[in-house]
Amino acid sequence: MSKISYPIIGDYNIPAEYLLKHLFKNQVIIPPPITNKTIELGVQNSPDFVCTPFKYTLGTMLEAISKGADTLIQLGGGCRYGYYAELQEKILKDLGYKVKVINLITKGKPEIKRIINLFKEIDPKFKIRKLFYYGFITMKMLKYMDKVDDYLRCNKAFEVEKGNLDSWRAEMLLKFKTTKGLIHLYKTYKYYFNKIKKVRINKPDKVIKIGIIGELYTLMEPFANNYLEKDLIANKIEIKRFTTATYLLMKKNKIMKKAFKQNKEIKYQLGADAADNVMNTKWLCQHNFDGIIHLKSAFCTPEIGVMPIISKIAEKEDVPVLFLTFDANTSEIGVKTRLEAFYDMLEMRKK
Amino acid sequence: MNKVGIPRGIFYYYYKDIWTNFFDALDIPYIISPKTNKKIMKLGLKGANDEMCLSMKVYLGHALYLKDKCDCLLVPRIANFKCHNQMCTNFLALYDIVNNELAMPILNYNIDLEKHKSLKEGLFNIGIKFNKSKKEIKKAYKYALKEYSAIKKEEIENNLKKLSTNKLKILIVSHPYNTYDEMIGADIIKYLEDNDVTIIYSDKFNSKIVSKLSYKYSKDLYFKYNKDNIGALKYVEDKIDGVIFLSSFPCGPDSITNELVMRQINIPYLNLIIDDTSGFNGLETRLESFIDMLGDKHE
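Chains as they are written, first to last, in this note's numbering: chain A, 50 to 400; chain B, 17 to 315.
Treat the hints as calculated values from the structure; they're not laboratory data.
One or more hints might be untrue.
[Stated by the list, open to error] Just so you have them, the derived chain B footprint on chain A, three or more residues with Cβ under 8 Å: (1) 201-215; (2) 340-353.
[Unchecked claim] Here are the computed lysine-lysine pairs in the DSSO-like style, where the Cα-Cα straight-line distance is at most 27 Å: (3) B:K235 / A:K142; (4) A:K162 / B:K98; (5) A:K306 / B:K206; (6) B:K98 / B:K83; (7) B:K145 / A:K316; (8) B:K62 / A:K316; (9) B:K83 / B:K148; (10) B:K232 / A:K162; (11) A:K316 / B:K32; (12) B:K98 / B:K168; (13) B:K85 / A:K361; (14) B:K150 / B:K162; (15) A:K306 / B:K98.
This structure is a prediction, so every number in the text was calculated from the model and none was measured.
No residue lacks a Cβ here, since even glycine has one placed at the ideal position from N, Cα and C.
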């Protein structure tokens, strides 16, 4: 019987674990959280100039294998992310492991037929009915998680008693793990969201608002961006982030179609999430945000291409942009210094 | 709009024969930027983002060089040639990047066969912008395509002929915009030719035959030009003495594809990554020892 594992992205391992456990019973191995050792493992075995998510995910795969996994699930995207799986499988095989890496999305399009066939290979008893049922619940779970997270990003910096919001959220995620059905899921979400909303918040009238845009892996995995959001919150800043699992899986196409009709800056899709970031920059500028932080992993081709366009739009609207690139060995202190200077500048402008 | 400027970079190496013949037949004046020199390189480094790949920097340099010398630039956008033949994201974004960088009119067409946007449609629209009649454009398009396929056929034949020599044969696996660029690949080609090596180019093969062969190395690969490259390697694998992988720093598709192929082949290979700071001296030493090694084996 094959043991399944998957690379971690942020807290999204909870819905992923829920879905896989219900589809494949007791064959799921939860990957350990990312640490410096994970990255070291990944960097050692990767080619020199692939983008950083490749190194991170390879590291988590190696750690999951040492726990006993032999079938690894890799997501994909519109750029070369969709082509990771094959090389990672080759690297792992060359290292002597008998493993299989499964690619769910190629060229930015999930083909349900292909995915079903792949799942049938893992487990011959796999039922399509189950995939749709639990897939739907997982989608809802992602949606609720993102809703709560959106609320936290706006308000966490201003809570009166520190730590309350985080503990409610952690408890909610724990409950999500043992969800029994759609109604049960909805009830837990409502219960905890009400609790979260009741937490006392002291928000002044004039707060600094920052929008975070950029490449999806660096945005969603806090370890990959040196816990940037935590740092922002500690400095009493309200955050807006567009890229979430819900956005990427469900809303993206609809929003982009609408946005393309109203804009003059770009004419075509630029690959991966690059065009989204242009639109989001415009949105942030129009909604009086004080600053924008653009995150990307090193060598991310679509984001590099879009950087001059973003800075041009922001310059026109007089909104400062900070571009940060994260590699496997980016020093924490270097980033912190730049961030502090950025906060100071925003505060001066606000006055 | 009178004079069309064609930057000598990326797209130029794929479409030069179609463009020049098409414009010649329609009597549209055009200017092609000169071969990459230090001045163009400087312009490119200044105008481009630091982290862009070298080929993009060169392209932007050419575009900036042409800024005052023509009335409009020709910058197409290529997204895909049907489902499994996607492009590097730079091909998708170049039009918008150039459009934001330079404030000048740009002639643009879009190749996106998934959405039924083809080269034919694009060139027709360009012809109409120059007030040519549909009949004229149709004739010019046919002429350009005929010339293009004749030139391509000859190139492929010449490339295949080289396989039958007894000299040392090396295949260069690289995109044409790197191989033939003055600042990227020219020094390497010249050095190899001086040392009496027969060079076979991976881009001068019949794409239809070659891209199918790429499945033997990689099943998931969906980058069209990389498919052609590694398919060419499979096609001539047992007829050559060595392979040189030549890519610009940091090329996205190459970084993964070449690594995957290098782990599978049994012939000697050399992986060269060209940066804007790397001089030729370092490369020369590596090339020399590579040729020496191959020479020993060859005898």
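We went through each hint and held it up to the structure:
no.: 1; hint: 201-215; verdict: violated (count 0)
no.: 2; hint: 340-353; verdict: holds (count 5)
no.: 3; hint: B:K235 / A:K142; verdict: 16 Å, holds
no.: 4; hint: A:K162 / B:K98; verdict: 19 Å, holds
no.: 5; hint: A:K306 / B:K206; verdict: 49 Å, violated
no.: 6; hint: B:K98 / B:K83; verdict: 33 Å, violated
no.: 7; hint: B:K145 / A:K316; verdict: 19 Å, holds
no.: 8; hint: B:K62 / A:K316; verdict: 25 Å, holds
no.: 9; hint: B:K83 / B:K148; verdict: 25 Å, holds
no.: 10; hint: B:K232 / A:K162; verdict: 24 Å, holds
no.: 11; hint: A:K316 / B:K32; verdict: 24 Å, holds
no.: 12; hint: B:K98 / B:K168; verdict: 22 Å, holds
no.: 13; hint: B:K85 / A:K361; verdict: 25 Å, holds
no.: 14; hint: B:K150 / B:K162; verdict: 18 Å, holds
no.: 15; hint: A:K306 / B:K98; verdict: 21 Å, holds
In terms of the numbered hints stated before, the structure departs from hints 1, 5, 6, listed from lowest to highest.
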